[in-house]
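Enquirer: Here are the chains, one letter per residue:
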Amino acid sequence: KAGVTQTPRYLIKTRGQQVTLSCSPISGHRSVSWYQQTPGQGLQFLFEYFSETQRNKGNFPGRFSGRQFSNSRSEMNVSTLELGDSALYLCASSAGTANSPLHFGNGTRLTVT
Amino acid sequence: KQEVTQIPAALSVPEGENLVLNCSFTDSAIYNLQWFRQDPGKGLTSLLLIQSSQREQTSGRLNASLDKSSGRSTLYIAASQPGDSATYLCALPGGSYIPTFGRGTSLIVHP
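Same order as they appear, the protein sequences are chains A and B.
Okay, so the first sequence: first residue is 1 according to our numbering, each after it adds one.
Okay, so the second sequence: first residue is 1 according to our numbering, each after it adds one.
Think of the hints as simulated: they come from the structure by calculation, not from any bench.
Keep in mind that this is a model prediction, so the values were computed, not measured.
Here a beta-carbon is modelled for each residue, glycine too, at the ideal position from N, C-alpha and C.
Be careful, since some hints might not be right.
Pair by pair, the computed Cβ-Cβ distance ranges are [what the hints assert, rightly or not]:
(1) 18(A) - 18(B): 45 to 55 Å
(2) 53(A) - 111(B): 48 to 58 Å
(3) 111(B) - 109(A): 22 to 32 Å
(4) 3(B) - 109(A): 32 to 42 Å
(5) 38(A) - 54(B): 28 to 38 Å
(6) 42(A) - 69(B): 23 to 33 Å
(7) 40(A) - 42(B): 43 to 53 Å
(8) 78(B) - 97(A): 39 to 49 Å
(9) 40(B) - 12(A): 30 to 40 Å
Isolated chain A (complex conformation):
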């Protein structure tokens, strides 16, 4: 069974630009959640999508948005990039029930200059 796939692995963007990250979940998983990881803040939850609907949201500004497609693949978009958005962005998939484990991809390393 293929794992969670995130693309691209690395991105370098300039302040003010926007970026789109992609996540393909494990086959059969309907939940995809996104996280930002930085040395200062650790791993922080951005949002979760389940069956194309945002089911939960963390405490991030509206510049961070996402969507999920009918095949459960998900994209995350960050607009008007700031230097502080430099981070490792991780996505995780699960079956979507309360007792389901999370399975993570290898992340996208975003650097904003």
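Position chain B against the provided structure of chain A, taking the given hints into account.
Expert: The following block gives chain B in isolation, referenced to the frame of chain A:
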């Protein structure tokens, strides 16, 4: 608001030692607890998942215990090896809270 704390933040041990990593959480109303390892620049690899009704789970040299009433979990690593060097995170991935993670324990096992 659920909070997860991991102690110690860093650990350096010689090969062969048995280790205990600690995780505590503030609200005992959890569905499950999951332990991960993370290698530098990589994603999280799931090690063990303990459902709230369970007391422990074992996988190879790893054993995780859960005491919901006291808000604690421990990850026991037997006979540590240099390949165990990584950051270990505990997480509360489901239920009524947003997924919440500890800051991790950075482990170095030297030969």
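Enquirer: Confirm or reject each hint.
Expert: Taking the hints in turn, this is what the structure says about them:
| no. | hint | result |
| --- | --- | --- |
| 1 | 18(A) - 18(B): 45 to 55 Å | holds, 49 Å |
| 2 | 53(A) - 111(B): 48 to 58 Å | holds, 50 Å |
| 3 | 111(B) - 109(A): 22 to 32 Å | holds, 30 Å |
| 4 | 3(B) - 109(A): 32 to 42 Å | violated, 27 Å |
| 5 | 38(A) - 54(B): 28 to 38 Å | holds, 32 Å |
| 6 | 42(A) - 69(B): 23 to 33 Å | holds, 26 Å |
| 7 | 40(A) - 42(B): 43 to 53 Å | violated, 19 Å |
| 8 | 78(B) - 97(A): 39 to 49 Å | violated, 32 Å |
| 9 | 40(B) - 12(A): 30 to 40 Å | violated, 19 Å |
Checked against the numbered hints listed earlier, the structure breaks hints 4, 7, 8 and 9; every other hint is satisfied.
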